[in-house]
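Chain order of the listed sequences is A and B.
Number 58 in the numbering used here belongs to position 58 of the first sequence; there are no gaps in the numbering.
Number 158 in the numbering used here belongs to position 158 of the second sequence; there are no gaps in the numbering.
You may find that some hints are simply not true.
[What the hints assert, rightly or not] Just so you have them, the derived chain A footprint on chain B, three or more residues with Cβ under 8 angstroms:
1. 37-43
2. 72-79
3. 93-100
4. 189-202
[Claimed, not checked] Chain A side only, calculated, beta carbon under 7 angstroms to chain B, not exhaustive:
5. R17
6. A99
7. M104
8. T128
9. R140
10. S142
The set of hints was computed from the structure by calculation and includes no laboratory data.
Glycine included, C-beta positions come from ideal geometry on N, C-alpha and C.
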Amino acid sequence: MTTLALTVTDSATMLRRNLRRAARYPGLTVIVAALPIVFLLLFVYVFGGTLGAGLGLPSGGRAEYLAYVVPGILVLAITGGAQGTAIAIAMDMTEGIIARFRTMSIARASVLTGHVVGAVVQTMIGLTMVVAVALLIGFRPSADAIEWVAVAGVLAMTSFALSWLSVAMGMWTKTVEAASNVPMPLMLLPFFGSGFVPVESMPAGLRWFAEHQPFTPIIETVRGLLTGTAIGSSGLVATAWCAGIALVGYLWARRNYERRPAR
Amino acid sequence: MDPNAAITVTGLRKSFGAKVVLDGLDLTVPAGTVYALLGPNGAGKTTTVDILSTLTPADGGEIRIAGHDLHREPQAVRSSIALTGQFSAVDDLLTGAENLRLMADLLHVGRREGGRRAADLLERFDLVDAADRVPSTYSGGMRRRLDLAMGLMGDPRVVFLDEPTTGLDPRSRRAMWDVVRGLVADGVTILLTTQYLEEADQLADRIGVLDSGRLVAEGTADELKRLVPGGHVRLEFDDAPSLHEAARLLGLPVPDTAGLALEVPGEGGVPELRSLLGRLDDARIDVAGLTVHTPDLDDVFLALTGRPTPAEVDA
């Protein structure tokens, strides 16, 4: 087999392992979906009336805010999934099985790739649940079938990039507790972007940060695809950010995998 | 270098920061034999196994395993070895059978061959009834057996056993020893580390005593025991007059009569015993009992390292 074929085969084996583990411990998948659903209900029903009025739309209200906040909630869900991934890999690292994998003649990246792809699958399942709840409470996006596929693509791309980063973080930390804390700032980032309120409403310095951080173009792309707002260059910028984050995460994770203490 | 050696290590060095863990270790393990690395905690046993199993890079030295240079061809080495450690490397969320199938998939042996090997190993390691349960329900001995079975799925030529019976009860320990003997019978080369002198004595063809990152002695168990003085023949008598007479005859100081026993220095060889008993017989002294005491590995360890055995340190 060629190196690439080996990597794909071994990664698929590792993916099967991770999915089987996820199925046996469904708690993590549920948590990935549950927290954003709670936030969705909170933001729509508690803050939605007031925040919707501030959107500056002709008929600002709770329904408008629901349409506005869904992309932010989806990205928040992805960061929650990334935290779950960091915890999962940190737990895996504390068990001897990773040392066993490292003494076997298997494609070096496959253990990590299996985790990343497994995390993306898990996150996409969680996101589907979030979208289902949003539709249930009255979210009526204008997206057609192709736009829905594009939304799934952007979200999967984001989840893929953040999963590489969180795999690296999960390996870098020494304990499971630390692995659950380190990705926390990621979960706050959608709030300091266009996820929950328009960046135009923020003070100058914060607004500059919000406009230039990676989640804003991702959220704007998803929002544009779902509800027809302007996307502009957001799609390209989002892709560039995701590619960069994925590459940094991948290299960092590989380094941690090769250099981590034996057992 | 010995072409028949399964493991050849020359000048192996490793430091963690300022702490020198391995300081020029040399060892050679002929194919199909068992080599035991014996040493106290911190002697460098686990580090040696970690380096030889490609988990930790060495700072210096040459290593060849199963004909492959470890530094240049790590993947070739990996396909020839298996490691079973004191911390079992099983997936706790997968059943025993699923753990073995995971190994089969990673070894690319194919579904049918993988299933056949898994069934064989479950049978051989007495895990058939536990195959569909997750390892968290297993006993310590069962976990260790599953761990080793996973390593053997790839039919390794060299097996590293890092303290394979630490923490096991005596019965599980004996079961593990039987498994190891079975591997040796199949021609597998084994490097094991242990704190148990009895384990090295029972299993190993050669024993290396590791202390502060260097081999301080090497040989068969018997050779090592001969390195230390302290062998003697213990003679027991029925009454004090016989004891005194024997002591006078053999030119030994008159011992404490309460024990009615005399310790005659010597290695306990057959000619020596024959001559000893002959002299006593000629003098018409009745010997009630005789035992030969050869030094055990505890004595060896103490003599070589100036410390009691690791097991005692632990206790």
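Quick rundown of the hints versus the structure:
Beta-carbon proximity to chain A at under 8 angstroms applies to 0 residues in the region 37-43 of chain B; the threshold of 3 is not reached and the given coverage is violated. Look at the region 72-79 of chain B against chain A: 4 of its residues bring a Cβ nearer than 8 angstroms to a Cβ of that chain, three or more, so the hint holds. Requiring three or more residues with a Cβ within less than 8 angstroms of a Cβ of chain A, the coverage given for the region 93-100 of chain B holds, as 3 such residues are present. Against chain A, the region 189-202 of chain B contributes 0 residues with a C-beta closer than 8 angstroms to a partner C-beta. That does not satisfy the three-residue criterion, and the hint is violated.
Here the hint on R17 of chain A is kept, as its CB sits about 6 angstroms from the closest CB of chain B, short of 7 angstroms. Nearest Cβ of chain B to the Cβ of A99 of chain A: about 6 angstroms, under the 7 angstroms cut. The hint holds. The beta carbon of M104 of chain A comes within 6 angstroms of a beta carbon in chain B, closer than 7 angstroms, and the hint placing it at the interface holds. Because the smallest distance between the Cβ of T128 of chain A and any Cβ of chain B comes to about 24 angstroms, over 7 angstroms, the interface hint for this residue is violated.
Restraint check, R140 of chain A versus chain B: the minimum CB separation of about 41 angstroms is more than 7 angstroms; hint violated. Evaluation of the S142 of chain A hint against chain B yields a violated restraint, the C-beta minimum of about 43 angstroms exceeding 7 angstroms.
Violated hints, in rising order: 1, 4, 8, 9, 10; the structure is consistent with all others.
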